[in-house]
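*Asks:* Take a look at the letters that make up each chain.
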Amino acid sequence: MKLKEKKWIRFRIHLVSVFFMGGLLTIFVRIYQLQVLQQDYLRGIAENGIIGTTTLPPKRGVIYDREGHELAITVQTGSVFAHPKQIKDKIETARALAKILDENQRTILKKIELNRSFVWIKRRIPQTQAEQVNALKLKGLGVTTEARRYYPGRETAAHVIGFAGTDNQGLEGLEKEFDKLLRGPEEKLAFMRDALGRPFAVTRPTTSDTSIHNLYLTIDKDIQYKAQQSLRHAVKEAKAKGGHCVVADPWTGEILAMAVVPEFNPNVFFHYKPYQWRNRAITDCFEPGSTMKAFLLSAALEESVVSPLTQIYCEQGKFKVGGRVVHDTHKYGKLSVADIVVHSSNIGAIKLGQKLGYRKFTEYLKNFGFGRKTDIDLMGERNGFIRGAKNAREIDRATVFFGQGMTSTSLQLTMAMAAIANGGKLMRPYVVSKIVDASGNITEENNPKVVKRAISARTARKVTTILEGVATEDGTAQKAAIEGYRVAGKTGTSQKVDPETKRYSKRKYVASFVGFVPSEKPRLVILVMIDEPRGHIYGGLVAGPVFREVGSWALNHLRISPHPSLLGNIQAKSAEAKEQPENPSEIVNASVSEAKPPLPLQSGQLPDFKGLGMREVLKRTHALGLKVSLEGSGLAIKQSPDPGSSLKTIKSVKVNFKPPM
Amino acid sequence: MGDKAKVYAGYNLMILIPVILLIALGLLMVYSASNNIAEHRFGDSNFYLRKQVLFCTLGIVAMLIARYIPCTLYKKLVYPLLLLSVLFLSALFVPGLGRRVGGAYRWINLGGFSFQPSEMVKFSLAVYLAYSMSKKGTDLELFTKGLLPHLLVVGVFMVLIYLQPDLGTAVIIGAWALVLLFVGGVRILQLLALLLLAAPFFAYLVWNAEYRVKRWLAFLNPWDDPKGIGFQIIHSFLAFGSGGIFGAGLGNSKQKLFYLPEPHTDFVLSIMGEELGLLGVTVAIVLFGVLIMGGIRIALNSKDLYSSYLALGLTCFLGLQVIVNMAVVLGLLPTKGLTLPFISYGGSSLVMTLAGIGVLLNISSRNSS
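Respectively, the protein sequence lines represent chains A and B.
What the first sequence shows, in our numbering, is residues 1 to 661, in sequence order.
What the second sequence shows, in our numbering, is residues 662 to 1030, in sequence order.
There may be inaccurate statements among the hints.
Just a few of them, taken from the derived set where beta-carbon distance is under 8 Å, the chain B residues facing chain A [as the list claims (entries may be wrong)]:
#1 844
#2 846
#3 898
#4 899
#5 906
#6 943
#7 954
#8 960
#9 991
Listed below are the simulated BS3-like cross-link pairs for lysine-lysine, each with C-alpha atoms no more than 27 Å apart in a straight line [to be verified]:
#10 A:390 with A:355
#11 A:360 with A:462
#12 A:85 with A:122
#13 A:90 with A:110
#14 B:667 with A:7
#15 B:915 with A:85
#16 A:496 with A:239
#17 B:737 with A:6
#18 B:736 with A:7
#19 A:6 with B:796
#20 B:796 with A:7
#21 B:964 with A:6
#22 A:627 with A:651
#23 A:6 with B:806
#24 A:7 with B:806
Keep in mind that the hints were calculated from the coordinates and are not lab data.
Quick reminder that beta carbons are idealized off the backbone N, C-alpha and C, glycines included.
Taking the hints into account, I'd like the entire structure generated from these sequences.
*Replies:* Right, here's the structure in full:
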């Protein structure tokens, strides 16, 4: 069958072509209407419709602590703008705005009386406020959203994180260093008018391929908070200029906390002076003082120049060297090498150092990381200073053994002590554990890195044993002792150079304590440095208590169980110590009873231990004279015999522990 | 009319010349409309152009092959073709095979490259309707032999495409089938009754999905919410308006820079309007007009009813797509994701359209011999 034979089909096909031609004609008419008849009108909108464009600050990635708590986040805020030329009743508009925005009516009026096509009224206000403005539906007013950086922890870790500026650009700290990764795409905001002259704003990302990354830090928000709190308190009590406290994991080099006082609040960073933003724990060098004796000891033992028991005559507290007289605070005759460190005899240190030699000692200092950047992933780190053997006068060659005439940052000192703690390895410190992209993939990861071996594990062990003596009642840092744990460390009290006289000042000191705990299996290395304390100046007295407070809190926080055999002893001793007429500047004596208030205890009955930590249980059973066996870890959940049993019939008690959820 | 069609080396020039010119115009516009976006997204302003040139080459090869395949071959393969189409459409719902783009499964992944099964559906249905309608002849007037069976077959495909979800393509396929059935001799009263029955159902589908409601509202009054739902269409107007009669010149579109999303696909005509003006767009409309008339002429001159219906089906689909796309960017129809044949960026569409042109050329060559 051929189509030609079917007239009616041909007719219908012609109808179809008429339909298509009609359709195309309609299209043409419409295009003619738009492109010719409405040309001027539409072109006018296209050209004048855009009142202005502005670039919006980009959103930024989140900075988390090691447990995923947010340290820096981006929040959405509202911003109000106006097109002054379109506002008819300016006074009424200003009045309504002033009411909602809580601003001066006249300031707003001034803005909208400007002969401009676009003006910001108020930026970065809560979104609810912006919505109220929008609800006014006033002509010439518009609202858009804007991202703003917010630090929920305020001062917490502010010196590490730094801050981003008003345009969300990283200005200090990690925010600056990782700006490129944290920063999201820039957004362009175009202000347009529709055909009826009503303004509206349109946002479009202009750089779509930049993706936001999130940072995960090694910082523990809670330890950081505690470190800042204790340090702040100590600095205030000592009427000091400032201080640092660094808490690190000696095995990995992870920085758990890095506190600097005075603090600043990054949410309002502009209220502070630039020098207050500086992370002084890495940017400021100071003469470390007697803490260096720990490294002198390490070097001397490693080189087998002496043994811990070698006796050295300490000249009864006065020793002439290089035309000057060096004093000890106490007069000593013969002291063993170990005692020189424990009692911190400067004369003993000089004599010990002279056996080792200046050049050899500075070599060891360099192996411990002094005089060179630690290469931490933070900006602005300083080298510190060690005088070369050629330039050193005789007096310099003597004082360096007790840490004067050389400088170090707090971080260098922390990492050097960490090397003793971990068996002799100098670790590279780091604060960023990983960088994660928007879809959750890890793009960069930091892993523990050994810089070099400073001393042998054997020497490190020997040094540790001696340093354990420092935080006992014989040593210079009784106040650094933490109940239930062995502490090893070294105090330092160094004179500062008066910038005016260029001589050592008699009033300006740096008091410090750097140590680790538990010394038999170190988990934390903690440095405390107090700058220019007034009143008490000694490291043990001023910095020691901060070490104890931060240390005991952090050990508890990390659920590191105390050594049962140590509990009774120290408790007994600290009770004795309290009876001694001591200096009244005791800052912290709360750490002993800080954990939980004692439960009401009816005499003669076994108390309920449920919910208590191991340490607390040990303390209480010791006080009752009971033997105790502990099982599990965490908080007490079960005990036998049951609470309320008569104490007369019980000799021992068994307690089960379980980590809290 | 008759056999006076201009022919060169066995190619119908009324088809070939508009197709070549439209392809050239398409490459020009794809580059001009996409170079900014490509630079932003891939750091390579030629990204889309290069792919489009590749699709073009593939399409022309497909056209040349189809030109020499006798169109009667498809008739024998009509049921395998239909079955294959159903399989491909169903495969979209198999996890891993279907590729999700913008909330809908319209692409199928076949080791390395992906294509749209709905493009294949169009061809299979064209063959089926031509075959079936030519076989039934005057029986088409009967409801049970005419409208009903065809409606069922086409309906199955419409449902499958609607489920992707792609209501727009489903509706166009339905409309296209009605036109063909009308030509084939189905009574007009039956068609009108069908439309009346389908209208409420269609309305229900629209109101059932929020974005479809929004598109309708934007269509009815784009200026009501210029920064939201009316955004695209308004900027399409602005593009046409700023182009005027002579256009702003190639590469000078402002709307493509910032305002029109995806300027190189659905809204490529707006960019053409802005850059090449009324003159440029008119040239495109005339080329499409010539092409459609050429296709219809082939249908009129065919030697058998099957070839006539096949030529008409392929031409009608092309024409419908052109008119619907243009009507959308001009605000005459609500927004739907339909590209402009030959001009818009897109691989499956270009290759299948050119293959269809090849079939038309084959039918044409048999007419004149």
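*Asks:* For each hint, tell me whether it holds in the structure or not.
*Replies:* Cross-check of the supplied hints:
Because the beta carbon of residue 844 of chain B sits about 5 Å from the nearest beta carbon in chain A, less than 8 Å, this interface hint is met. Interface hint status for residue 846 of chain B: upheld, as the beta-carbon distance to the closest one in chain A is roughly 7 Å, under 8 Å. This hint holds: residue 898 of chain B has a C-beta 6 Å from the nearest C-beta of chain A, less than the 8 Å allowed. Checking residue 899 of chain B against chain A by beta carbon gives a least distance of about 4 Å; that is within 8 Å, so the hint holds.
At a threshold of 8 Å, the smallest CB-CB gap from residue 906 of chain B to chain A is about 6 Å, leaving the interface hint in force. At a threshold of 8 Å, the smallest CB-CB gap from residue 943 of chain B to chain A is about 7 Å, leaving the interface hint in force. Using the Cβ-Cβ criterion of 8 Å, the hint placing residue 954 of chain B at the interface with chain A is satisfied: the shortest such distance is roughly 6 Å. About 6 Å separates the beta-carbon of residue 960 of chain B from the nearest beta-carbon of chain A, less than 8 Å, and the hint is met.
Interface restraint check for residue 991 of chain B: the shortest CB-CB distance to chain A comes to about 5 Å, inside 8 Å, so the restraint holds. Only pairs whose Cα atoms come within 27 Å are accepted, and residue 390 of chain A paired with residue 355 of chain A is accepted, the gap being roughly 18 Å. Note on residue 360 of chain A and residue 462 of chain A: the hinted pairing holds, with a Cα-Cα distance of about 20 Å set against a maximum of 27 Å. Under the criterion of a C-alpha separation no larger than 27 Å, the hint pairing residue 85 of chain A with residue 122 of chain A is consistent with the structure, at around 18 Å.
Among the hinted pairs, residue 90 of chain A with residue 110 of chain A is consistent with the structure: their alpha-carbon atoms are about 10 Å apart, no more than 27 Å. A distance of roughly 25 Å separates the Cα atoms of residue 667 of chain B and residue 7 of chain A; the hinted pair therefore holds under the 27 Å criterion. For the hint linking residue 915 of chain B to residue 85 of chain A, the alpha-carbon distance of about 25 Å falls within 27 Å, and the restraint holds. With a C-alpha separation of about 16 Å, the suggested pairing of residue 496 of chain A with residue 239 of chain A holds against the 27 Å cut-off.
Restraint check: the Cα-Cα separation between residue 737 of chain B and residue 6 of chain A comes to about 25 Å, which is no more than 27 Å; the hinted pair holds. At most 27 Å may separate the alpha-carbon atoms for a hinted pair to count; residue 736 of chain B and residue 7 of chain A meet this at roughly 25 Å. Note on residue 6 of chain A and residue 796 of chain B: the hinted pairing holds, with a Cα-Cα distance of about 15 Å set against a maximum of 27 Å. Only pairs whose Cα atoms come within 27 Å are accepted, and residue 796 of chain B paired with residue 7 of chain A is accepted, the gap being roughly 18 Å.
Restraint check for residue 964 of chain B and residue 6 of chain A: the C-alpha separation of about 12 Å stays at or below 27 Å, so the hint holds. For a cut-off of 27 Å, the pair hint linking residue 627 of chain A to residue 651 of chain A stands: about 6 Å separates their Cα positions. Pair hint residue 6 of chain A plus residue 806 of chain B holds up; C-alpha atoms about 20 Å apart against a cutoff of 27 Å. Of the supplied pair hints, the one linking residue 7 of chain A and residue 806 of chain B holds, its CA atoms being roughly 22 Å apart against a limit of 27 Å.
Violation of the numbered hints given earlier is absent; every hint is satisfied by the structure.
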